[in-house]
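Protein sequences, first through last, are from chains A and B.
Heads up, the first sequence is in the numbering used here, so the first residue is 38 and it goes up one at a time.
Heads up, the second sequence is in the numbering used here, so the first residue is 16 and it goes up one at a time.
You may find that some hints are simply not true.
Stated by the list, open to error - A few chain B residues facing chain A, derived, Cβ under 8 Å:
1) 31
2) 61
3) 76
Rather than coming from a laboratory, the hints here were simulated on the basis of the structure.
As the structure is a prediction and not an experimental result, all values here were calculated from the model.
The C-beta atom is built at its ideal place from N, Cα and C for all residues, glycine as well.
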Amino acid sequence: LEHSEAAARPAVRTPDDPSDERDLVAALRAGDESAFLTLVERHHRSVIRIVRAQLPSEAAAEDVAQETWVGVLKGIHGFEERSSIATWILRIAVNCARSRRTRDAYLVPLAALGEGGDDGPAVDPHRFQPEGSRYAGHWLQAPEPWAEERLAAAQAGALVRQEIECLPTTQRAVITLRDVEGLESADVCAVLGITGGNQRVLLHRARSRVRAAVERLLAKGGDQ
Amino acid sequence: MTAEEIPDLSCRELVELASDYVDGKLTPAERTRFEMHLCCCTPCRVYLSQIQATVAAAGRLREEDLPPGSREVLLATFRDWKKSTPPDRRGLR
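So that you can see chain A by itself, here it is in the shape it has in the complex (with noise of 0.2 Å):
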C-alpha cells in the first residue's frame, strides 16, 4: 500500500548516482575544470529557471545565475554532501536571488507573493451543485476530459509555461521545483526553506491554477 511519491508521479527520473556525484564534487574540488563543466551544463538550467521565478525581472536573472556559480565554487570546501548537489545549488540559488531581490529593493509585501492570503477554491464553486439540494457539492459543471494529444501540443505547453510565470511567487517556486524540475517534495522544502504542510498548500493552489487555465484554453478552441 506503500504509495510513494516516485511511483505517484508520470515521469520519473532517477537521481544522479551518488558515486558520480562524490567524484564529481571531490574532482571539482581538485580544481577540475571538466567536472565544473558537467555540473554547469547538469544544473545551470534549472539554476535559471529557479532564479526567474524568484525574481520579477528577467534581465537580473543571468546576472544571478552566475552570482550562484561563483557561491557553488566558493562554497565547495564546506559542502558536506547531506543533501545531493542539485539540491544544494539550487539552495545557493534561491539565496542569491532573495540578496538580488532585497537589494534593489524589488521586495514586495508577503502578501503580495501569495503566502499569506486565501487564493480561494480549486475550482469555481458554481461549477458544484450549491449547499441544501441533494447533490449539494457534487458536480453541476463536470470537467470534460482532455484530449491528450491537444494536451501535447506546443500551444498547451507555452500555455502552462505562461500561467506558471503569473503565479505568485512562492507558489511558482514551489511548482518549478516539484513539477518542472521534478524534486522531491521534501528538497523543495528544502531549497526553499518552507514546512512540509506550506509546501503542499502552495502545490494544490499552483497545480489548480495551471489546470483552469489549461480547461479554459481547451474549451475556447472547442468552440472553434
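Given the coordinates of chain A, assemble chain B onto it according to the supplied hints.
Showing chain B alone in chain A's frame:
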C-alpha cells in the same frame, strides 16, 4: 472516529485533495475516502486525470531549451577561482 462517522467526500472536497493525492500525501483514511469517491464518480476521475496531465505538462517544460549559460564567462569565473584559491581552501584535506 469510527468509519461510520466519516461522511462521504463530495466532489467539491475532492478537488481540494487531488494534488496531495497525486503526491501520495493523504493519510490512509483520507486516501480511502478519496478512492471510494473516485470509484463511482466519472467527473472526478476526469478531474484527477487533468491534474495529473497538468503535472506531466509542467514536467515537459524541463526539456525546453533555455538560452545557454554564458559558458565562457562561467569558465573564466572558474579559472579565477582556481588561481586565487589554494587547494586546501577548496576542501582538499
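| query | Where does the structure disagree with the numbered hints, that is, which hint numbers, in rising order? | reply | none
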